[in-house]
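A.B. asks: This is what each chain is made of:
There are 2 protein chains.
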Amino acid sequence: MDERIREHAAVLIDWSARVEPDDDVVVSVGPDAHELAVAVAEQLGERGANLLATYGSGEITRAYLDAHDGEFEEPVHERALLEETDVYLSLGGGRNTSAMADVPGEVRRGYRNTRKAVRETRYDTRWVSTVHPTRSLAQQANMSYEAYREFAYDAILRDWESLAEEMGRLKTLFDDGSEVRIVSQGTDLTMRIDGRTAVNSAASVAYDSHNLPSGEVFTAPYGTEGEIAFDVPMTIRGETIENVRLEFEGGEVVDHDAERGAAVIGDVLETDAGARRLGELGVGMNRGIDRYTDNILFDEKMGETVHLALGRAYDACLPDGESGNDSAVHVDLIADVGEESRLEIDGEVIQRNGSFRWEDGFEARQ
Amino acid sequence: MDERIREHAAVLIDWSARVEPDDDVVVSVGPDAHELAVAVAEQLGERGANLLATYGSGEITRAYLDAHDGEFEEPVHERALLEETDVYLSLGGGRNTSAMADVPGEVRRGYRNTRKAVRETRYDTRWVSTVHPTRSLAQQANMSYEAYREFAYDAILRDWESLAEEMGRLKTLFDDGSEVRIVSQGTDLTMRIDGRTAVNSAASVAYDSHNLPSGEVFTAPYGTEGEIAFDVPMTIRGETIENVRLEFEGGEVVDHDAERGAAVIGDVLETDAGARRLGELGVGMNRGIDRYTDNILFDEKMGETVHLALGRAYDACLPDGESGNDSAVHVDLIADVGEESRLEIDGEVIQRNGSFRWEDGFEARQ
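Taken in sequence, the protein lines are chains A and B. Residue numbers for the first sequence follow UniProt numbering, beginning at 1 and rising by one. Residue numbers for the second sequence follow UniProt numbering, beginning at 1 and rising by one.
There could be a bad hint or two in this list.
Which copy is meant is left open, so a pair is good if it fits within one copy or across any two.
As a list, the in silico DMTMM-like pairs of lysine to aspartate or glutamate whose alpha-carbon atoms are at most 20 angstroms apart [claimed, not checked]:
(1) Lys116 - Glu106
(2) Lys116 - Glu339
(3) Lys116 - Glu84
(4) Lys116 - Glu166
(5) Lys116 - Asp22
Since the hints were made in silico from the structure, they are not lab data. This structure is a prediction, so every number in the text was calculated from the model and none was measured.
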């Protein structure tokens, strides 16, 4: 076994999920994530936790949904399992990222709605999602398998403690600030952030962060004004999206276009009232992620990028008991801020051309 | 997809497990049983049952056990799942039937003991075990993959209703009888069966039968006298066993030998007092199984064989509330009765040289 698989498992179990002896752990295993699952099992055994492996296969879900009449019932047994689960580790990695491409959106939504309590019960556990680098993910990234593995482990095997400390600086600035401004080519956007709390997403449940890799600081903005160009491509609902431009007035999108995929963005915006407002402003700070791979788990954490999400805000960013922007969707769009760009909080430049003000080279990059 | 995979799934769901709409179903998927799992998912969707897939991997269990200190705790979450489960379908099929070969027996036993409540909760569901024909099972059978698939589907895709009817005849004879005698080369054995109930194991929970394939009638004998030679080879605890001979007096083994594997048989017999007595007499009646494949799920159901198990008896064969022979082990041994053999109940010949008395050719085979 590649020693990095064991290191990945160790980061997941110790840093991310904070597994303790006697924890009841569910490990969801993707069809091609077997090797990572073996490494995770080994380390769960070592720590004296209990292990139940589930099988997360898009092909199985597709076959099930395709044959179903759409009158779904809540899976009571799955909820019972999760109610007694302390830690839920999702090891993604299938053989085809398009395995569910032909399941109609309506069927997916019906299934998803029936599973709301199951999902919320899972969110009450110490849950972490990661992926095992597979050939299918390499293909999605337009990379060789060998190169993709290098990429993925660079992203996953970080010095998380020191990244958490660095990200803590930006979190403090966000928490103390009132207004964020992003200026770049085609972009001049301001958002209110006062009263909101930023999340230092350091790939650990101890930081309210549930992705491995992670490496972003995000908050829930409001009162957005101006325009922004998103130059990092994405796949949304199976469609390629390129160079989206959004224009905001009074917190809402009032105009949009795109070089590719404008219709998908239009559909997203028409979902509901909340889909026209922002749910998230995130700043990617994982410098192990140095390229776009068409996988949001990685892309949105890429160093020298910011992302904004149309739709639902995370409660963690709101004052206790309050909810932020509500919507059925949460669609991230990503902008490169590595060149001719600056991020300001209350008029003060925090990041310029990709460098933060506490980094060497910040002055030089003016 | 090979249409036989869909037929296998249909037999499993409809004939074996009697799945109904809204059933909460757990499907345990072996690493190479993915295709069967897809077919099962399709048909569970069609019937409107709920599906949770678990991952049954010997390599994961081995990694977990190998790293564990042996002080196991009960997996409360898994028990909670099974308490709300109506149907449990185990789809076996890994990549290596020896995946757990180096896990010490002591560790397995400790793990097994901690999982007693989990196991019993599973036995309270409509559970069925089957296997997807894999390359690893073909190898174990010393067969090509292509030939093994033909073999496996011949065994699985039977006319179960008519086999159940035929097996019902033998069950009635066992239920009404007092003494069974088996006579063959090297064998002259008598067992008491009065007061015991035979199980018509017709591969369906409706018949108290939990294996697919099945196709045997079994009961719980006692008071065994005489000797028997088992000429079908087996693998027990990783060792090849050939031509075991047992001698009984007053219901207990008083002498044993074997051409190969005598030491393993000796170990089994020394487990506890119950290991020296029989827990099961079974008659194989699945004529789709026409050869030995070193897989007890198939071998013990082979037409024209009988098997005896040292150790634990099944409660289903005993009067309500009574338990039969008790032991930590249940080890099956198989004898060919296709030639120069007869099975008698109370002095009447029921099967001669492999043919039952209700079959064409019974007289001719005298």
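A.B. asks: Which numbered conditions among the earlier hints are violated in the structure presented, ordered from lowest to highest?
C.D. replies: Of the numbered hints, 2 and 4 do not hold.
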